[in-house]
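K.L.:
Protein sequences, first through last, are from chains A and B. Counted from 1, the first sequence has number 209 at position 209 by this note's numbering; the numbering is strictly sequential. Counted from 1, the second sequence has number 22 at position 22 by this note's numbering; the numbering is strictly sequential.
These aren't lab readings, by the way, just hints derived from the structure by calculation. Incorrect hints may appear among the rest.
What the hints assert, rightly or not - Once the Cα atoms are required to be at most 20 Å apart in a straight line, the calculated EDC-like pairs of lysine to aspartate or glutamate come out as: (1) Lys150/B - Glu69/A; (2) Lys27/A - Asp138/A; (3) Lys24/B - Asp205/A; (4) Lys88/A - Asp168/A; (5) Lys3/A - Asp96/A; (6) Lys3/A - Glu69/A; (7) Lys247/A - Asp205/A; (8) Lys71/A - Asp138/A; (9) Lys164/B - Glu55/A; (10) Lys88/A - Glu109/A; (11) Lys158/B - Glu109/A; (12) Lys173/A - Asp87/B; (13) Lys167/B - Glu55/A; (14) Lys158/B - Glu113/A; (15) Lys71/A - Glu41/A; (16) Lys24/B - Asp74/A; (17) Lys94/A - Glu154/B; (18) Lys150/B - Asp138/A; (19) Lys220/A - Glu191/A; (20) Lys142/A - Glu95/A; (21) Lys88/A - Glu162/A; (22) Lys131/B - Glu35/A; (23) Lys158/B - Glu41/A; (24) Lys161/A - Glu154/B; (25) Lys292/A - Glu119/A; (26) Lys3/A - Glu35/A; (27) Lys88/A - Glu170/B; (28) Lys164/B - Asp92/B; (29) Lys161/A - Asp72/B; (30) Lys290/A - Glu170/A; (31) Lys108/A - Glu29/B.
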Amino acid sequence: MSKGRYLIFLGCAIPYRVSAFEVSARKVLAKLGVELVEMPEFNCCGLPLDPVSHEAMLVLAARNLALAEQKGLDIITLCPGCAGTLKKVNRMLKEDGALRHSINQRLKEVGLEFKGTIEAKHLMQVLIEDIGLERVKDSVIKPLTALSVAEHNGCHILRPKEFIGFDDPEDPKTLKTLIEATGARCLDYLEETECCGAPSVGVNDKIALQLARNKLNHVKAVKAEAMITICPFCHIMYDTNELRIEKMFNETYGIPILHYPQLLGLAMGFQPEELGFSELRVDASRILDKTKGGK
Amino acid sequence: MTQAECKVVKASEINPRFKYEISKMHGAEKLMRCFQCGTCTSDCPIARYSESYRPRQIIRMAQLGLEDRILDSDTLWLCASCFTCTDRCPQDVEVASVIRVLRNLAAERGHIPQVFREQFSSILESGYAYKIPELRVKRRELLGLPPLPKGNSESIRKTLRGLKPEKFFENNGGY
Ligand code: SF4
Ligand code: SF4
């Protein structure tokens, strides 16, 4: 399948409140020569319904895969939850004939069919596997050498390994490598792969905020000037809640949370206004001042 | 479940067939392989901050057949589905998936946290799990983003018809 054209699957969280991720991702992908085609029709990837009905999750995911097959394009997602779900269901349905048949019985009623002809990938996987590190590096015209940042992968880009499998969940390297491609330093810190807590919001907010606080403490301890995420939920968890956590637990952070394509976009020479920086809750002006120098 | 609630196990509470029933469900096939090492609990981010949530305990209770205690407990809904336990279990038990299977069964009893009901009715209505605020739609335009693809409510409804838990799907997330 063509490596330069993808169907973009936005998911639900990004349209709901994480526009900066989308704005910056579209910018950097265009710069890298990737063409994005909009989904013809949308429904949630299915992941939120998995706890209530595994089968409903399968059907919702399969609908999206079948729609993408009609377009003959691979899917790119910005949300690791969507990527993980679509990847997993794609493989399950490709490998299990009986399951495919039963899901297809449902899809048939609305004129759809899952055939198993496309792939679904997260932005990060597209950057590292399809575009390649060299091309990402070549796109950098303003290396961010003055910056030291920390990465946060989150869970669903890495686990369960059996279905995601493009990086090592115990010692992930891809995001670090991509951060270093921008010229920034990527710092190691304690418990880098710990969950952000977002899935517990609404069920038990206190546990969720304690997890986020723990992470911010570790990131602060190594003096990272920003934290880089690649998941809309992790981003909401830290960016939206940082002030709340500061108040609740009597902490001070002031650590801006950037979407990875915002960082890459700066290194590509885009202006902060073009990358949705105004959407961030935690003020990022300090690092923006620092990156201005190399113009 | 607090320690106190777990102290005494009465034979009448046990469903001896429970473990066989759930071992047939996708994701829970390897339930019986758990040898209670505790890796899942010690690495669980939720167990770290919760007084009551212990994945190893849930797995043991499932093996024992304490069906009602597991399915009627709120604790089941604390799992963050981070899959750390699944990736680290030395016995290859897909712990997070066993918990999902148990949640699906709890859902059939009508135990469904409000957030899931809301997300489901929103999916039926618009395709999206959240109601996208008008302001956000306008903001997208200002930011130069293309219009959002639309969901096909009728088609989504049709493909989900008759699924379990039936009442949930029939009543748009109600029960
Ligand atoms: S890690 Fe696996 S074997 Fe160990 S207690 Fe948990 S489920 Fe059982
Ligand atoms: S998937 Fe659930 S039980 Fe397993 S480690 Fe994560 S939060 Fe704990």
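K.L.:
Would you mind marking each hint as holding or not holding in the structure?
P.N.:
The hints, checked one at a time:
1. The suggested pairing of Lys150/B with Glu69/A holds, with an alpha-carbon distance near 18 Å, which does not exceed 20 Å.
2. Simply put, Lys27/A and Asp138/A have alpha-carbon atoms about 16 Å apart, close enough for the 20 Å limit, and the pair holds.
3. At roughly 34 Å between alpha-carbon atoms, Lys24/B and Asp205/A are farther apart than 20 Å, so this suggested pair is violated.
4. Only pairs whose Cα atoms come within 20 Å are accepted, and Lys88/A paired with Asp168/A is accepted, the gap being roughly 17 Å.
5. Under the criterion of a C-alpha separation no larger than 20 Å, the hint pairing Lys3/A with Asp96/A is inconsistent with the structure, at around 27 Å.
6. A threshold of 20 Å between alpha carbons decides the hint, and for Lys3/A with Glu69/A the separation of about 15 Å falls inside it, so the pair holds.
7. Straight-line distance between C-alpha atoms of Lys247/A and Asp205/A comes to about 15 Å, which keeps the hinted pair within the 20 Å bound.
8. Taken as a hint, the Lys71/A and Asp138/A pair is broken in the structure, with Cα atoms around 31 Å apart against an allowance of 20 Å.
9. Distance check on the hinted pair: Lys164/B and Glu55/A sit about 8 Å apart at the alpha-carbon level, within 20 Å; holds.
10. Using a Cα cut-off of 20 Å, the hinted pair Lys88/A and Glu109/A is violated, with the two alpha carbons roughly 23 Å apart.
11. Proximity of Lys158/B to Glu109/A is assessed by CA-CA distance (about 7 Å); at most 20 Å being required, the pair is judged to hold.
12. Distance hint between Lys173/A and Asp87/B is fulfilled; the C-alpha atoms sit about 17 Å from each other, no more than 20 Å.
13. Restraint check for Lys167/B and Glu55/A: satisfied, since their Cα atoms lie roughly 15 Å apart, inside the 20 Å limit.
14. Under the criterion of a C-alpha separation no larger than 20 Å, the hint pairing Lys158/B with Glu113/A is consistent with the structure, at around 14 Å.
15. The straight-line distance between the Cα atoms of Lys71/A and Glu41/A is roughly 11 Å, inside the 20 Å bound, and the hint therefore holds.
16. For the given pair, Lys24/B sits about 33 Å from Asp74/A by alpha-carbon distance, which is inconsistent with the 20 Å threshold.
17. A distance of roughly 27 Å separates the Cα atoms of Lys94/A and Glu154/B; the hinted pair therefore is violated under the 20 Å criterion.
18. Between the alpha carbons of Lys150/B and Asp138/A the distance comes to roughly 37 Å, so the proposed pair goes past 20 Å and is violated.
19. Restraint check for Lys220/A and Glu191/A: the C-alpha separation of about 13 Å stays at or below 20 Å, so the hint holds.
20. About 45 Å separates the Cα atoms of Lys142/A and Glu95/A, which puts this hinted pair outside 20 Å; it is violated.
21. In summary, the hint linking Lys88/A to Glu162/A is supported, as the alpha carbons are separated by about 9 Å, within the 20 Å threshold.
22. For the proposed pair Lys131/B and Glu35/A, the alpha carbon gap of about 28 Å is over 20 Å, so the pair is violated.
23. Proposed proximity of Lys158/B and Glu41/A is supported: the alpha carbons are some 15 Å apart, at most 20 Å.
24. With a CA separation close to 36 Å, the supplied pair Lys161/A and Glu154/B exceeds the 20 Å bound.
25. Restraint check for Lys292/A and Glu119/A: not satisfied, since their Cα atoms lie roughly 39 Å apart, outside the 20 Å limit.
26. A C-alpha spacing of about 9 Å is found between Lys3/A and Glu35/A, which places the hinted pair at or below 20 Å, so the restraint holds.
27. For the hint pairing Lys88/A with Glu170/B, the CA-to-CA distance comes to about 27 Å; that exceeds 20 Å, so the pair is violated.
28. For the given pair, Lys164/B sits about 28 Å from Asp92/B by alpha-carbon distance, which is inconsistent with the 20 Å threshold.
29. Simply put, Lys161/A and Asp72/B have alpha-carbon atoms about 31 Å apart, too far for the 20 Å limit, and the pair is violated.
30. Between Lys290/A and Glu170/A, the direct Cα distance comes to roughly 32 Å. Violation of the 20 Å bound is thereby established for this hinted pair.
31. Simply put, Lys108/A and Glu29/B have alpha-carbon atoms about 29 Å apart, too far for the 20 Å limit, and the pair is violated.
The structure fails to meet hints 3, 5, 8, 10, 16, 17, 18, 20, 22, 24, 25, 27, 28, 29, 30 and 31 from the earlier list, while all remaining hints are met.
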